[in-house]
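*Asks:* First residue of the sequence shown? That's 19 in this note's numbering, and the numbers climb one at a time after it.
Some hints could be false.
Below, simulated DMTMM-like cross-link-like pairs (lysine to aspartate or glutamate); rule was C-alpha separation at most 20 Å, straight line [said to hold, decoys possible]:
| id | residue 1 | residue 2 |
| --- | --- | --- |
| 1 | K69 | E98 |
| 2 | K69 | E81 |
| 3 | K72 | D59 |
| 4 | K72 | D26 |
| 5 | K69 | E21 |
| 6 | K69 | D59 |
| 7 | K69 | E83 |
| 8 | K72 | E21 |
I should point out that these hints are in silico values taken from the structure, not numbers from a laboratory.
The structure displayed is predicted, hence computed values, not measured ones.
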Amino acid sequence: MSEFIINDYILRQEAERIVTDILTETHGFEEIQDAICWSCDSHEWVIYYHKALKLCAECNTNEGEAMLECTGQTFNNIGEHAASVAYWTLVCACQDAFQQS
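Take these sequences, add in the hints, and give me the full structure.
*Replies:* This is the structure:
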């Protein structure tokens, strides 16, 4: 079993890959935004708590944390919180990649 490695560079590369895949299949701004949210919501870095925790520990999550504060969500455990921060961090990275494309 290989160790899961994450850092800001890997996060940005994955965001670019997600956006590239979306742009080949999707057209229209709203459709692209929906596809970004759907892709991030089902991403392994979000759905597996240990990967979400590692992302939170190894990456800059300032944008994700700021977005999470706007939602007013409450959490039952640290894994749920980390998954939400990871989700919003990945969404923000994808938004940045989309703007640069």
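*Asks:* Please go over all the hints and tell whether each is borne out by the structure.
*Replies:* Right, here's what the structure says about each hint:
no.: 1; hint: K69 / E98; verdict: holds, 12 Å
no.: 2; hint: K69 / E81; verdict: holds, 18 Å
no.: 3; hint: K72 / D59; verdict: holds, 17 Å
no.: 4; hint: K72 / D26; verdict: holds, 12 Å
no.: 5; hint: K69 / E21; verdict: holds, 10 Å
no.: 6; hint: K69 / D59; verdict: holds, 14 Å
no.: 7; hint: K69 / E83; verdict: holds, 17 Å
no.: 8; hint: K72 / E21; verdict: holds, 11 Å
Checked against the numbered hints given earlier, this structure breaks none of them.
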